[in-house]
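Engineer: Using the hints, position chain B against chain A.
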Amino acid sequence: DIQLTQSPSFLSASVGDRVTITCRASQDISSFLAWYQQEPGKAPKLLIYAASTLHSGVPSRFSGSGSGTEFTLTISTLHPEDFATYYCQQVNSFPRSFGGGTKVEIK
Amino acid sequence: EVQLLESGGGLVQPGGSLRLSCAASGFTFSSCAMNWVRQAPGKGLEWVSTISGTAIKTYYADSVKGRFTVSRDNSKNTLYLQMNSLRADDMAIYYCAKNSQGYKRPVDSWGQGTLVTVSS
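Residue numbers (the working numbering), protein chains in the order written: chain A, 1 to 107; chain B, 1 to 120.
There may be inaccurate statements among the hints.
Claimed, not checked - Partial list, derived from the structure: chain A residues whose beta carbon lies under 7 Å from chain B:
| id | residue |
| --- | --- |
| 1 | Ala34 |
| 2 | Ala43 |
| 3 | Pro44 |
| 4 | Phe94 |
| 5 | Arg96 |
| 6 | Gly100 |
Said to hold, decoys possible - In silico PhoX-like pairs for lysine-lysine, Cα to Cα no more than 25 Å straight-line:
| id | chain 1 | residue 1 | chain 2 | residue 2 |
| --- | --- | --- | --- | --- |
| 7 | A | Lys103 | A | Lys42 |
| 8 | A | Lys107 | A | Lys45 |
| 9 | A | Lys45 | B | Lys43 |
| 10 | A | Lys42 | A | Lys107 |
| 11 | A | Lys103 | A | Lys45 |
| 12 | B | Lys104 | B | Lys57 |
| 13 | B | Lys57 | B | Lys76 |
| 14 | B | Lys104 | B | Lys65 |
| 15 | B | Lys43 | A | Lys103 |
| 16 | B | Lys43 | B | Lys65 |
| 17 | A | Lys42 | B | Lys43 |
| 18 | A | Lys45 | B | Lys104 |
| 19 | A | Lys107 | B | Lys43 |
Treat the hints as calculated values from the structure; they're not laboratory data. Predicted, not measured: the structure shown is a model, and the values here were computed from it. Built from N, CA and C at the ideal position, the CB exists for glycine as well.
Chain B extracted, bound-state conformation:
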């Protein structure tokens, strides 16, 4: 069974930093691209970032480019999101999400999410 367990969320001041982690199990982690998707309170889903299985390729939404960095440690089956220069509009539940294997495939598994609150 695929399991994705996010951690690292919490309260941070505007301009601060936070590092999210996602521990994965139940599948061959290094074979799957991974994503971060966020959802602001009462709002829709927003794609944040994707990293390929080998970590060679990374992609970001314009709203986070230059401030957020996605990475992975395939030896630890863990996905990360380093978030710097946080703003009020970054406040959201952040979901770790696994792509299904193959070309241009969607997310097929989601974590339960971790809440990031940006407030002074």
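One chain only, chain A, in its complex shape:
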């Protein structure tokens, strides 16, 4: 089974900051990785798939990169609505797995 390790698990940042979240896979998953955003009390939303493809309607300040075992999600300029929890998920094989999440809070 593939384990995904996200870091950091918690991040304190200010509006306007550049933020980077890392997701490491326990084995090669090529580019079969997605990123989701979850606001408190709401269902997750897809941000990025295939490691770097922006989902329809997602602002361009979000970007993803990486392949193999190391991936990053970057928010170029943090907006107030971006304070949320972010999860990576591998879709390379079953069982599917999620990272543990990164909570982005206001400094």
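Structural biologist: This is chain B only, laid out in the frame that chain A set:
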């Protein structure tokens, strides 16, 4: 517009059973693999199960294998999750989630979730 509406959650005693449903609309249901993903209170997301569009293939997390059964009725555009032998650690919000079409694609739409509480 894609809509996924879960139902069937509630309070159940340990060892009991529950059947979740997810009514889908706004897309060609039979063309999309569907998933159940859960989230325990204050915890992260956990993938539970996936079923292919034709229902030929099903997949389960080890934590639910042998206790949960995923199924679908494409004539009713409805996804199901039969949960048996429920345990305290099954308590969570259960989300119905639609895969985007294609090879090894992610979830692109989520329901609002239904809460399952396991307690005596």
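Engineer: Restraint: Ala34/A near chain B, CB-CB cut 7 Å. Satisfied or not?
Structural biologist: holds (4 Å)
Engineer: Can you confirm whether the C-alpha distance between Lys43/B and Lys103/A stays at or below 25 Å?
Structural biologist: Holds, at roughly 11 Å.
Engineer: Hinted pair, alpha-carbon criterion (25 Å max): Lys42/A, Lys107/A. Please report holds or violated.
Structural biologist: This hinted pair holds, its Cα atoms lying about 22 Å apart.
Engineer: Mind checking the alpha carbons of Lys42/A and Lys43/B for me, to see if they're no more than 25 Å apart?
Structural biologist: Between Lys42/A and Lys43/B the Cα gap is close to 13 Å, so the pair holds against 25 Å.
Engineer: Min Cβ distance, Ala43/A to chain B: is it shorter than 7 Å?
Structural biologist: holds (4 Å)
Engineer: Is the straight-line distance between the alpha-carbon of Lys103/A and that of Lys42/A 25 Å or less?
Structural biologist: This hinted pair holds, its Cα atoms lying about 14 Å apart.
Engineer: Against chain B, with CB atoms and a cut of 7 Å, does the hint on Gly100/A hold up?
Structural biologist: Holds: closest Cβ of chain B sits about 5 Å from Gly100/A, inside 7 Å.
Engineer: Does Lys104/B pair with Lys65/B here, judged by a C-alpha cut-off of 25 Å?
Structural biologist: Between Lys104/B and Lys65/B the Cα gap is close to 22 Å, so the pair holds against 25 Å.
Engineer: Assess, step by step, whether the Cα of Lys45/A is no farther than 25 Å from the Cα of Lys104/B, and give holds or violated.
Structural biologist: It holds: about 18 Å lies between the C-alpha atoms, which stays within 25 Å.
Engineer: Quick one, is the Pro44/A hint okay against chain B at 7 Å, beta carbons?
Structural biologist: holds (6 Å)
Engineer: Against chain B, run the beta carbon of Phe94/A and see if the smallest gap drops under 7 Å.
Structural biologist: holds (4 Å)
Engineer: Against the 25 Å threshold, does the CA-CA distance of Lys104/B and Lys57/B hold or violate the hint?
Structural biologist: holds (14 Å)
Checked against the numbered hints above, the structure violates none of them.
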